[in-house]
Structure formats: structure tokens, C-alpha cells
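Chains as they are written, first to last, in numbering that gives the first Met the number 0: chain A, 0 to 251; chain B, 0 to 438.
To be clear, the hints were calculated from the coordinates, so they are not data collected in a lab.
Take these hints with a grain of salt, some might be off.
[As the list claims (entries may be wrong)] With a Cα cut of at most 25 Å, we get these calculated BS3-like pairs of lysine-lysine:
{"no.": "1", "chain 1": "A", "residue 1": "K41", "chain 2": "B", "residue 2": "K431"}
{"no.": "2", "chain 1": "A", "residue 1": "K85", "chain 2": "A", "residue 2": "K49"}
{"no.": "3", "chain 1": "A", "residue 1": "K193", "chain 2": "B", "residue 2": "K346"}
{"no.": "4", "chain 1": "A", "residue 1": "K27", "chain 2": "A", "residue 2": "K232"}
{"no.": "5", "chain 1": "B", "residue 1": "K143", "chain 2": "B", "residue 2": "K335"}
{"no.": "6", "chain 1": "B", "residue 1": "K250", "chain 2": "A", "residue 2": "K85"}
{"no.": "7", "chain 1": "A", "residue 1": "K171", "chain 2": "B", "residue 2": "K134"}
{"no.": "8", "chain 1": "B", "residue 1": "K406", "chain 2": "A", "residue 2": "K189"}
{"no.": "9", "chain 1": "B", "residue 1": "K335", "chain 2": "A", "residue 2": "K4"}
{"no.": "10", "chain 1": "B", "residue 1": "K142", "chain 2": "A", "residue 2": "K193"}
{"no.": "11", "chain 1": "B", "residue 1": "K134", "chain 2": "A", "residue 2": "K196"}
{"no.": "12", "chain 1": "A", "residue 1": "K193", "chain 2": "A", "residue 2": "K232"}
{"no.": "13", "chain 1": "A", "residue 1": "K27", "chain 2": "B", "residue 2": "K142"}
{"no.": "14", "chain 1": "B", "residue 1": "K134", "chain 2": "A", "residue 2": "K193"}
{"no.": "15", "chain 1": "A", "residue 1": "K125", "chain 2": "A", "residue 2": "K161"}
{"no.": "16", "chain 1": "A", "residue 1": "K35", "chain 2": "B", "residue 2": "K286"}
{"no.": "17", "chain 1": "A", "residue 1": "K171", "chain 2": "B", "residue 2": "K56"}
{"no.": "18", "chain 1": "A", "residue 1": "K49", "chain 2": "B", "residue 2": "K406"}
{"no.": "19", "chain 1": "A", "residue 1": "K28", "chain 2": "B", "residue 2": "K56"}
{"no.": "20", "chain 1": "A", "residue 1": "K189", "chain 2": "B", "residue 2": "K250"}
{"no.": "21", "chain 1": "A", "residue 1": "K49", "chain 2": "B", "residue 2": "K431"}
{"no.": "22", "chain 1": "A", "residue 1": "K193", "chain 2": "B", "residue 2": "K406"}
{"no.": "23", "chain 1": "B", "residue 1": "K142", "chain 2": "B", "residue 2": "K335"}
{"no.": "24", "chain 1": "A", "residue 1": "K189", "chain 2": "B", "residue 2": "K286"}
{"no.": "25", "chain 1": "B", "residue 1": "K346", "chain 2": "B", "residue 2": "K286"}
{"no.": "26", "chain 1": "A", "residue 1": "K35", "chain 2": "A", "residue 2": "K136"}
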Amino acid sequence: MADLKARGEQPEYLFWVGCAGAFDDRYKKVVRAFVKILSHLKVSYAVLGKEETCTGDPARRAGNEMLFHMQAFRNIETFRRYNIQKILTICPHCYNTFKHEYPDLGGHYEVVHYAVLLEQMIREGKLNPDNKVFQGKRVAYHDPCYLGRANNIYEEPRSIIKAVGAELREMKRNNSFALCCGAGGAQMFKEAEKGDKEVFIERTEEAMETSAQVIATTCPFCMKMMTDGIKYKNKEEELKNYDIAELIALAL
Amino acid sequence: MTRQIIFAITLLITLGVFSFTTYRLFRFFQLTRSGFPVRNIGKRLQIMLSVSFGQTKIFRRPVIGFFHALVFWGFCVILVGSIEMVIDGVGGVEKSLHFPGTFYDVIMASGDIFAFLVGISIVLFLVRRVFLHIKRFEGVEMKKISHQDANVALTLILFLMISLQGMNMAYVELQTRTGGDILGVYPVSQVLSGMFVGLPAESLELFYHFFWWSHILLIFLFANILPYSKHFHVFMSVPNTFLTRLEPLGKLTNMEHVMHEVQLMLNPEAAPAAATSVAAVSRFGVKDIEDITWKNYFDSLTCTECGRCTSVCPANITGKRLSPRKIMMDIRARMKEKGSLLIKQGKSFDDKRSLIRDLISEEELWACTTCNACAMECPVNINQPTLIVDMRRYLVMEEASAPGMLKTMFNNIENNGAPWQFSSEDRLGWAKDLNIKIK
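From just these sequences and the hints, can you work out the full model?
Now the structure itself:
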């Protein structure tokens, strides 16, 4: 972003990579798949790189309102400096925070979740994934809480799964009834409280009941949880975990 | 005349007790904090129409939801008949709302049919509660009293319906026998009145009056028992849907004074206006009953302990101690416990107990994933997650108390701008060796 500004250029989108995209080895691959699609689409975008910092979401949900505001203040300043109007996110938590929580703080942006953008591109015929690659593959879609219940985005990821030719399987609890992966509300960064079972195992079992070969997700935390679940169940051979961006990238 | 006087006295007693109850609740509400302003009336009416009168959320469980919808719609129609009975009772008249035309017939006919359907549904609910094991009705918070509470209310409703049906049956049979006009249409009672065929006219008359008085006295009793039980739900649900929190489920309430404080700290020149608007805040977040908003308390009074929230809670499903229903019940219980003492002894009253820890443990609060499944499921639009986060806010900002790993996460965000311990210098790691031009 800084380089573009130096050259006096303004990209259409700020692509917000998020912490998982920056630091989680598994999720870095998703980011790479996604930027591959962005290049394919010739979307004009830039990233903040070192200037990106946490949105404050996990701090806020863990009760640290002070830290949330400090992070938000820094981000809003950065966005103002680069005159950012449109933010493209992959993480539903970042999406939710920018879209619903920054406006109270004076940060008003058009926030786009990648599932919505990609679905739109497919619908408009700008993105044409090969529907043979996943032909006959059974894919179960896991709804992230912050995409589904929090933001009413249920259909777009599903139509992407269909667009790559896969057979969509629904878990017992799906759409607005979907079971959380267990990582929301800052749970990602702590041990689970005492109980009989980990939430991600319960959810993985539900995915296994559909006899799916792939669990598709649209959230870095959900991906981490599902990957752990598959490992825990020793099903790494039969059951894979992909982000919808990877599904498309594989079918390009 | 005697009948009118007796009726008027019972009515006055009923209204008197009810006013006392309302006043007591009003005083409790005065102890709470301000929440959001009630604006956007059009949207609120729309939500009330769909969620309350359309029963949209209860239908998320279609089978049992259908029977609840029958009971709700039945109550709405039967209410018209009850109002008529009150007017009749005071005025010493019969069928006072009767006007020639079909409208009265339709209302009375629906009331008669619904009395039967509601009765059937209530029997079903009772059988289900008493004989079947429904997991949703169990849990640490479901004490013996909670079950008794439910059974008493259901039994009362059952008797309300039986008396209404009996009254209609006796009325229809009596009018047919004496050749009088039947005002209104009573399809179910018409059929059932066959049971009364062999009875002498005097007994029928007696039956009619017995059922009439039982029905109205039960209504009076019901109205005054409800506010002291979980079935206060009957009064509170419709207004609670009107007062729904209109923000998206994913949005937490902004703490404006914290925002101003941070703005002031990070950029003193740009926010001079903020300094004056920072109101004195007694406490960050929610520790006890005086920290909740009026809406939190309204939610708790509306909760009828159906347990749909808890049955979809990922933490609860996997055996953790959190139960969103319990949070609502705890709010109600704590207000009952501390509210009256606060009123009597003044705001500084302290009973050395608090909502957090004495009623709700930290373990419960830290088990929440803020997934909003509970809020999505609640048939009367209660919002549990924002309250849970408000209690976390108290723990973190007032006591600096949080699970160790979350404290580490806070430190990481503060120092590295990420919840993990990685340097922001490495944020572009994903782009390494990528065959595209990074601008």
C-alpha cells in the first residue's frame, strides 16, 4: 500500500490478510490461492503488509474493550492515511468487525467478504472454474458463525461449492442452525473450559456423518478447528479440509 | 346486582394486586442502567408482527412449535371473549359485545374452536413434561421449582380452557332448550353439548354460572400468579419482541466512554470534544444487578426457560458449565434477591454477594464462543451473548482477571499487533516465492 501511495496510485480494494493469513502456515496457502484468483480476475488491490495490525476482535470479545479501541484507532488512522474506501477480507471475524463495529468509531467502509465477491464473479461469468475437477466429490460446508448468523451469508459459499462441480452435503446442523467450530469469542487463543468433549470434535463428527470427502470452510479459525478435528479422528486420508478459495484455485 | 358488586370487588382486588406488582417491577427497572433508545418504530412493529404474531422463531422447531403457535393464537382470540366477560360482569349484562353481523360470530367461533385446540395442546405439553424425558428441560438451573412452576401454569391454562368450553356448551344447550337466540357461533360446543342433553334446565343454568365464574376467577388468578413465575412470559414476550435489540447479532455494544478515553490518549488534539462528553462511569461492564441495562432485565423477565438457547449452545452441548438459560434465570433471581434491598436501603447497599461468582461463575463466562446460536434460537429475541461479554468486560477491565492464555493474547496484540507471538515484520510471509507481483 505504501509503495502504491508513493507512486500516487490508488487500488480498488485493500485486501485485509488477517493474522491467520499472515502467520498460520496452513492458512497462508489459502491466502496464496485467493491472490491467485485475484490476479486471474485482474482485481486491483493492495495489502498493508507490516502496517496491518489486529482489528481488535479477539480482545473485544474477551472483554478487553480498551485494547480493542486502541487497535481500531490505529487501523482507522491507517485507512484514513491511504484513503481506503473498500476492504476485502477473508476472515469473517475481521469482516464483522470492520462492517459492524468500526462505524461506531467513525470508520465507514464498504466491506466485502471474499465469498460474496467470488460468487458474484462466478455469477457474472468473470470467473469460470472447471466443474470437472471436483465432479462427484462430496463436500460438506461448515458455516462460520460470524459469516452466517452474524452476517446472513449462507448461500454464496454453497453456490461456489456447486460451481466447482462438487456435490454439496449438509451437516445435521446447518445454515442458521450450524454448530460453532469452538474457536469464536477468543476461544481460539485459550484452552477450552472443562467439559466432556471439545466442540471441534463434535463438529468434525457431524461432518463425518455426511460421508463427505472434503469439509469446506470460509474462516481461518474454523479451518484450524476442522483440521485439528480431522487429525484427532485420524481421518487425514479420507477427509480433507479446504477453503472455498482453494477449491476455486484448484479448478482454474 | 349482588353479582355485579361481587364481580366489581374481585376485579378491583385483581387490579390492585396487579398494580402493586407492576409498581414493584417498575422500581426494579429504575435500578438498571440505560440501554439503547427505542427508535425505529416501523421496524420494531414489523419484528413484533413476524416473531410474536407470526411465531416465526418458535417454528424453527416445527412440530412442537405448531402446538405453541396454536396456544398463542388461541390466547389472542380468546382475549376478546375475556374482555367481553369483564364488561358483562361489571354491567350485569350478557354478551355485551354482540353486534349483528358476522364479525362477532367469527370471533366467538374462533374462540370456541381455539379453546378446544389449546386444551389439546396443553394436555400434550403436560404429558410431555411429566412422562417423557426432554433433555432441554433438564440442567443444573432446572430445579424442582422450575418444573412445578411449569406444571402449575399448564394446569391453570387447562382449567381455563375446560371452563370456557363448559360455559359455551351450557350456553348453547340452554338457549336451544329455552328457544332463546344463540348469540355468536360455537361449532365445537354445539357438538360437545350433546353431553348435557339429559340434564334438567336448572342444572344447566347452574353449570353455566359455575363455568362462567370459574373461568373469570381463573383469569384473575392467572394474571396475578404469572408475574411471580416464569410464565410472566405471557405478558412480556410481545413487548420484548417489539423492544428487540436491532443491531446485527455479530455486533457488540460500543463502550463510548472507553472509546473517548482511548481517543484522548492516542490523539489529544483531535479529540478535545470527547473530554467533556466522558460521563462518570461507576463501573466497567457488569458485575452485579445494578450494572445491567433495562433490556437485560426485560429479557430475563421474558424468559420462560424453554431451553432452546441452551440446547444449541456449543459449550453446553459439549458438557461445559455455560447455559445461556441459566444466565437469564440468574439475572431474574439476583434482582429478586438484591433489588428490594437496594430500594429499601439505598444504592450503597451491599450484601457481600454479586451476580458474578456467587451466581454466575467465571468458568461459565469463559466458555462462551459468542457464536450467537442462543440469540438466534430464542423465540422471543432475548440476547444473551452481549450480556456475557459485558460480564467479561467487568472481569478484564475492573479486575484484570482472565484465563492466562487470554492475557498472553492481549500482550501479543499490544506488542506485535497480532494475537500470536509473531513479529509484524513477518506479515508478508505468505507472499514469499509467489509468482505474482506484489505492489
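Comparing the hints with the structure gives:
no.	hint	verdict
1	K41(A) to K431(B)	holds (20 Å)
2	K85(A) to K49(A)	holds (19 Å)
3	K193(A) to K346(B)	violated (37 Å)
4	K27(A) to K232(A)	holds (24 Å)
5	K143(B) to K335(B)	holds (19 Å)
6	K250(B) to K85(A)	holds (20 Å)
7	K171(A) to K134(B)	holds (18 Å)
8	K406(B) to K189(A)	holds (9 Å)
9	K335(B) to K4(A)	violated (61 Å)
10	K142(B) to K193(A)	holds (23 Å)
11	K134(B) to K196(A)	holds (18 Å)
12	K193(A) to K232(A)	holds (20 Å)
13	K27(A) to K142(B)	violated (50 Å)
14	K134(B) to K193(A)	holds (21 Å)
15	K125(A) to K161(A)	holds (16 Å)
16	K35(A) to K286(B)	violated (49 Å)
17	K171(A) to K56(B)	holds (19 Å)
18	K49(A) to K406(B)	holds (24 Å)
19	K28(A) to K56(B)	violated (40 Å)
20	K189(A) to K250(B)	holds (22 Å)
21	K49(A) to K431(B)	holds (14 Å)
22	K193(A) to K406(B)	holds (19 Å)
23	K142(B) to K335(B)	holds (17 Å)
24	K189(A) to K286(B)	holds (23 Å)
25	K346(B) to K286(B)	holds (15 Å)
26	K35(A) to K136(A)	holds (23 Å)
Checked against the numbered hints above, the structure violates hints 3, 9, 13, 16, 19; every other hint is satisfied.
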